[in-house]
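Engineer: Chains A and B supply the protein sequences, listed in that same order. Under the UniProt record's numbering, the first residue of the first sequence is numbered 1, with each subsequent residue one higher. Under the UniProt record's numbering, the first residue of the second sequence is numbered 1, with each subsequent residue one higher.
FYI, nobody ran anything at the bench for these hints, they're computed from the structure. Wrong hints could be hidden among the right ones.
Result set (DSSO-like, lysine-lysine): computed pairs, CA atoms no more than 30 Å apart in a straight line [as the list claims (entries may be wrong)]: (1) A:358 - B:336; (2) A:358 - B:300; (3) A:336 - B:336; (4) A:309 - B:300; (5) A:300 - B:358; (6) A:93 - A:80.
There are 2 protein chains.
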Amino acid sequence: MYLLCIPLPLLVVNPPVALKPRLRWADQLEYLPQTANKLAMEEVLTLGLGGVGAVYSLALDLSKQARITTVCRSNYQVVKDNGLTIHSDSFGKFEPWRPHKVVSSTSSPEATETEYSYILVTTKALPEATPSTADILRPVVSKNTTIVLLQNGVGIEDPISAAFPENPIISCSVYLSSSQFSSGVITQTALERVVIGGFDNGVVNSMLLKNRVARFAELLRVSGANVAVNDDIQMERWKKLLWNASYNTYCTVTMMDTLTFCETVPNATELIRTCMNEVLAVSNALGHSIPPETVENLIKFTMGNGKYKPSMLLDRERGSQMEVEVLLGNPTRIAKEHGVPTPILNSLYGILSAENWKLRQG
Amino acid sequence: MYLLCIPLPLLVVNPPVALKPRLRWADQLEYLPQTANKLAMEEVLTLGLGGVGAVYSLALDLSKQARITTVCRSNYQVVKDNGLTIHSDSFGKFEPWRPHKVVSSTSSPEATETEYSYILVTTKALPEATPSTADILRPVVSKNTTIVLLQNGVGIEDPISAAFPENPIISCSVYLSSSQFSSGVITQTALERVVIGGFDNGVVNSMLLKNRVARFAELLRVSGANVAVNDDIQMERWKKLLWNASYNTYCTVTMMDTLTFCETVPNATELIRTCMNEVLAVSNALGHSIPPETVENLIKFTMGNGKYKPSMLLDRERGSQMEVEVLLGNPTRIAKEHGVPTPILNSLYGILSAENWKLRQG
C-alpha cells in the first residue's frame, strides 16, 4: 500500500467523517447566494497527482470555488482518458473524478493559457533533481500566483522562494493515509489533516500572505477538509520531521516496517528517541516550541499502530529516489549553522545518501 | 577476495619478506641440536581452517616444535584428501601442506585422544551462535591446555574464561591479508602481524600465563611470523576495533568498499571520525592508552589504500552471520557499564543486528 504520509499521534487523529454531512456544508453554499456571490472561482494548478495531489485536488474541486488544472506525468493518459477513481473516506467515492483540465507539462500551451491563483505542489521533494521544482513551475507562475507546498521535510521553501521572491508561499504539513494502487486509482482511508501557514521570506507583504493563507484554508474547509492554520508552520514541519527523520529513516535503512523494526532491533526505541531528540534540539534552537512530550507520544503511537511501511522505505523498495535531502540533509545543515550536534542524523544522512547514489547508478 | 583481517597503518605494515630468509632460521634449528633438544613438541589443535587458521597452523608447523591437529568443517573432505594449497607471501608456497591430523569435530575420537597444550581458535566470533565456542572446545580442553583466541572484537574472552576459568587464555590481535578462494586453497599477501598477550581473569597464575604467552610467541617467531607480545593486549584489541567498528561497519551498512564509501557519502570521513572517537573514549575509560593520533593515521591509511572490502561486508554479501556482537554489541555494553555515551555505535549496532536477524530468517 502506497502510504504517502505519516500517521500522527492521538491529538491529530480524528474519527472518520461520513461523506454526507461533510458535503452538506459545501452544497448549501449554492443555496446561499448572498455568500456564494462573494466567492470568486479560483484557478488552481496541481502539480503531482499521486495520493496527496489527487485527494486535495478533489477537495478543492468540491469547494465549487476552484477550477482544477492538473499536471500528470506517469498517469497522464489514464487520467486524460478516464479521470481518476478516488475512494476517499473523507471526501467520498468518485468513479471517476475529472479535473477541469489535464495537462502533461507545465510548459504545454494548455497549461500556460491560464493565470493561476494557486499552484499546489504535491510531488516528492527532491531538491537535487533536475529540472528543479522551480524550473518546472516557472512557465505557470504569474504575478498573482500563490505557491502551496504540500511536501515533506524542512527547508523546502528556500529554493522556491529564491526563484519567486515576490510570490506568496504557503507551507503545509499534511497527514493523509492515501495510496495509488494502480495508475489513476486512489484510495484514502481514515486520516486526513492539513496544517497550513505562510512562509515569511521578508519580501512578500505579510497582510497579503495572511489573506492568501486564509483564502486557501477557506477553500479546503468548505469542502470538508480537516484544515488548521498555524502561524508557526515551520514548527509543524519540524514536528512532522520528528517521525520522518527517525522511524521513516531507520525503517528505510533496515528495510523493515515499524513493528518489525521495534521488535527486532536491540534498543530500537532508544535509537528512535535519540534521533527524535536531535530533531527536537535543532527545532528548539530555531525557536520553535514543540512540546517535549511529543517524542514519547509519537513513540507510543507508533508502537501501538502495528506494521507500517513508511514512505521512504516504499520508495527504496520500488527503486525510486528517496527524500533524503529534505528529511536529513537540510536538517543537518540547519543544525550545523546553529551549532547543534546531530551525530545520528548525520550518520543516517550518510547511509541513505549512499543508497540514493546506488539507486541513481541503477 | 576473502580478506579476513584488516590492514593497519604504516606502523604495522612491513615489507613483504622473501620466503627463503624467513625459513632459514627455522631450518637452521635442525642443525643446532643443543637448542633443538631443549624444545618439546607441542600438541596444537586449530579450530577453524579458513585464511587465518590455515596460515597460523602452517606457521606453527614450520616451527618443527608443534604437531598440528586441525578441525575442519566445510572443507573437511578436501583437506583430509588433498591437504591445503597455501600461497603465503610470508611463509612460502605449499602444494599441498598437510597438518599432522585432520578431524571433522572436536568430539570425534581422533580429536579427543590427544592432550593439547594449545588450542587455536580462529573461527568467526559469534557469541550468540549455538553450539557456543566454549561448548565446541569442551571435549578437547584439558588441564594443561592454553586457549589462544585469534578472533576479532572485544569481550570475546569472557565466555571462554567463564567456561574454563583454570585454563590460561592468550588473546591475539591479528593483521593478516589472507583469503580462501576455493575450498582448501589459501592465499596470503604482504601483511602478516600478530600481537599477543595473556588474558588475566584473576584465577590463572600470572607467571604461568606469562610463560604460556612467551612459549607461544616463541613457536610463532621461530617459524618467521611477525609476532609481538604486549601486556596490554586489550589495548591492541580496542585499537583494531577503531577500524572494525567504523570502516568495517559503515561499509557493511552501505554495502560499499572503503574507497566508494569515502568518495560517495557526504562527510564520510567525519562519520568515521565520530565513530572512532566513540571507540577511543570507551578504550580510555577502560584505562588503555591508545595514542589519539591513531584515529587520523587510520583514516589517512585507509583513504590511501584504494578499494577494500572489509570482512563483515564480505560476510553480508555471501549471506553469512556477521560479527556484530563482538564488534558493536560488546563495545556498546562495555561503554554503558562505564557511562560512556556511544550513540553512533548503538545506532550501527541496531542496524546491523537487523541485518543479522534477516540473514537468520534466510
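Engineer: Work down the list of hints and note, for each, if the structure agrees.
Structural biologist: Each hint tested on the structure:
1. For the suggested pair residue 358 of chain A and residue 336 of chain B, the alpha carbons sit about 35 Å apart, so the restraint of at most 30 Å is broken.
2. A distance of roughly 25 Å separates the Cα atoms of residue 358 of chain A and residue 300 of chain B; the hinted pair therefore holds under the 30 Å criterion.
3. Between residue 336 of chain A and residue 336 of chain B, the direct Cα distance comes to roughly 27 Å. Compliance with the 30 Å bound is thereby established for this hinted pair.
4. A C-alpha spacing of about 40 Å is found between residue 309 of chain A and residue 300 of chain B, which places the hinted pair above 30 Å, so the restraint is violated.
5. Using a Cα cut-off of 30 Å, the hinted pair residue 300 of chain A and residue 358 of chain B holds, with the two alpha carbons roughly 25 Å apart.
6. Simply put, residue 93 of chain A and residue 80 of chain A have alpha-carbon atoms about 19 Å apart, close enough for the 30 Å limit, and the pair holds.
Of the numbered hints given earlier, the model fails hints 1, 4; all others are met.
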